[in-house]
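Trainee: Take a look at the letters that make up each chain.
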Amino acid sequence: MNEQKFEELLPWYANGTLEDSERQQVESWLKESPEARLQLAEYEFLGETVSEVTEQEAVMRADLFDDLLERIETEEHQAANESERQNAPSLMETVQNWFNETFRWNMTPAFAKVAVVSQFAVVMALGAVLIMPSADEGYEVLSGNNTVLVDQGIQLDIGVNPQLTVGEFQALLKTHRAMIVSGPNGIGVYRIRLPQQSDVAQVQAVLKTNENVTYLQRVSP
Amino acid sequence: MDVASQRKAEEVAWIHCVGKGDKAALRLLYARYSTRIFRFVIRMIRDEAKAEEVVNDVMMEVWKSAASFEGRSAPSTWILGIARYRTLNAVRGKKLDTVGLDEAPEAEDHREEASRAKSDEQLQGLLRSALDRLSSEHREVVELTFFHGYSYPEIANILQCPENTVKTRMFHARAKLKPWLQNMGLSVADAGGVT
Numbered sequence: 036m037n038e039q040k041f042e043e044l045l046p047w048y049a050n051g052t053l054e055d056s057e058r059q060q061v062e063s064w065l066k067e068s069p070e071a072r073l074q075l076a077e078y079e080f081l082g083e084t085v086s087e088v089t090e091q092e093a094v095m096r097a098d099l100f101d102d103l104l105e106r107i108e109t110e111e112h113q114a115a116n117e118s119e120r121q122n123a124p125s126l127m128e129t130v131q132n133w134f135n136e137t138f139r140w141n142m143t144p145a146f147a148k149v150a151v152v153s154q155f156a157v158v159m160a161l162g163a164v165l166i167m168p169s170a171d172e173g174y175e176v177l178s179g180n181n182t183v184l185v186d187q188g189i190q191l192d193i194g195v196n197p198q199l200t201v202g203e204f205q206a207l208l209k210t211h212r213a214m215i216v217s218g219p220n221g222i223g224v225y226r227i228r229l230p231q232q233s234d235v236a237q238v239q240a241v242l243k244t245n246e247n248v249t250y251l252q253r254v255s256p
Numbered sequence: 003m004d005v006a007s008q009r010k011a012e013e014v015a016w017i018h019c020v021g022k023g024d025k026a027a028l029r030l031l032y033a034r035y036s037t038r039i040f041r042f043v044i045r046m047i048r049d050e051a052k053a054e055e056v057v058n059d060v061m062m063e064v065w066k067s068a069a070s071f072e073g074r075s076a077p078s079t080w081i082l083g084i085a086r087y088r089t090l091n092a093v094r095g096k097k098l099d100t101v102g103l104d105e106a107p108e109a110e111d112h113r114e115e116a117s118r119a120k121s122d123e124q125l126q127g128l129l130r131s132a133l134d135r136l137s138s139e140h141r142e143v144v145e146l147t148f149f150h151g152y153s154y155p156e157i158a159n160i161l162q163c164p165e166n167t168v169k170t171r172m173f174h175a176r177a178k179l180k181p182w183l184q185n186m187g188l189s190v191a192d193a194g195g196v197t
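Going down the list, the protein sequences come from chains A and B.
Counted the way my numbering counts, the first sequence spans residues 36 to 256.
Counted the way my numbering counts, the second sequence spans residues 3 to 197.
Honestly, the hints are just simulated from the structure, not real lab data.
One should not assume that every hint holds.
To be verified - In silico contact screen, one side only, chain B against chain A (beta carbon under 7 Å); selected entries:
1) C19
2) F40
3) I44
4) E55
5) N58
6) M61
7) Q126
8) L129
9) V144
10) F149
11) G151
12) C163
13) K169
14) L183
Backbone N, C-alpha and C define an ideal beta-carbon position, used for all residues, glycine too.
Model the full structure from these sequences, guided by the hints.
Mentor: Put into structure tokens, the structure is as follows:
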């Protein structure tokens with residue numbers, strides 16, 4: 036090993052970390068060379084300066100470990116939540132598991148599965164229709180959707196030709212400003228109400244001449 | 003078994019416990035290394051808050067990676083290696099309080115200043131200022147050698163570079179610090195030479 040190599044090893048001779056063989060070689064060189072000893076003294080001075088912590092140097096906070104523990108716990112908590120979320124079965128899996136456990140679904144033949152699913156779908160669709168609110172609030176009457184305040188008018192029972200369309204029947208009622216109170220009953224008779232001020236006799240006469248009116252009878256007050 | 007080997011075996015055992023989620027073992031490792039890490043980082047970046055942040059980043063990585071620690075290097079080398087990597091990451095957006103290798107001031111520029119120093123204490127103060135002006139590559143080799151007491155193969159391991167690079171960096175660091183070292187009041191005669 037030449038002199039330059041020994042020089043390179045001097046810092047680690049100074050800090051005491053050289054292996055035995057290298058240390059012995061450097062020591063032999065130091066014995067022979069005053070210049071080498073001066074270099075060693077310089078490294079020792081450098082080591083002394085570097086290893087000293089001065090008062091001006093910052094000191095680490097004492098409670099820093101608590102911050103670390105808090106950080107670890109937060110990350111563990113987040114990881115646990117994430118893992119729980121990933122392991123939780125989806126809605127589809129939950130339904131499938133329920134089917135498997137309840138009906139031994141995985142052992143059911145394919146055609147039976149199709150039949151059960153179809154029936155289930157029909158039941159669900161009907162349920163939905165029943166549950167869904169009607170587009171029109173209240174009920175529909177043949178005299179129309181307009182809300183009419185019912186007064187204490189004269190009531191008539193009227194039967195009409197079964198071939199009469201709803202529109203024709205509504206037109207007939209509107210002619211006399213009448214509205215349906217109830218019906219049709221089992222034999223197709225409607226109870227209608229005329230306004231209080233109507234001329235009942237005249238209305239009855241007109242209705243009787245109408246070929247589509249098959250039955251007409253005033254209801255006793 | 004010597005003290006160093008006992009210490010190493012103890013730390014390896016702690017790391018294995020940490021790998022199994024033992025926070026008490028982490029506390030022991032923290033007690034032994036946090037100040038060393040802090041000292042290493044603060045001398046590189048001169049930012050107290052950042053240095054504390056890096057200490058906890060390093061120990062967090064130790065906590066997470068302990069289970070995969072295979073003991074191919076000594077625990078201290080492993081931990082300081084993480085510290086150095088984290089320090090470099092931390093300063094990526096912040097300019098280091100050092101100069102680049104090529105921009106390091108020439109020693110001669112401060113020869114006069116060094117020659118005016120009367121005592122070792124004054125000289126040490128000037129030497130510290132000169133150390134601050136070293137490039138980060140030179141300074142970390144000096145710090146790891148003289149503050150942390152690592153051997154050159156260990157430093158090569160921490161810095162992930164060849165051993166010869168470590169020696170060369172130390173050689174250049176000494177060259178930069180020569181005016182202060184030469185004026186420490188020693189002569190060849192003091193060092194045991196023939197006058």
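Trainee: Each hint needs a verdict: does it hold in this structure or not?
Mentor: To see whether the hints hold, each was checked on the structure:
no.	hint	verdict
1	C19	15 Å, violated
2	F40	4 Å, holds
3	I44	6 Å, holds
4	E55	9 Å, violated
5	N58	5 Å, holds
6	M61	6 Å, holds
7	Q126	5 Å, holds
8	L129	5 Å, holds
9	V144	6 Å, holds
10	F149	5 Å, holds
11	G151	5 Å, holds
12	C163	15 Å, violated
13	K169	4 Å, holds
14	L183	4 Å, holds
Hint compliance for this structure: hints 1, 4 and 12 are broken, all remaining hints hold.
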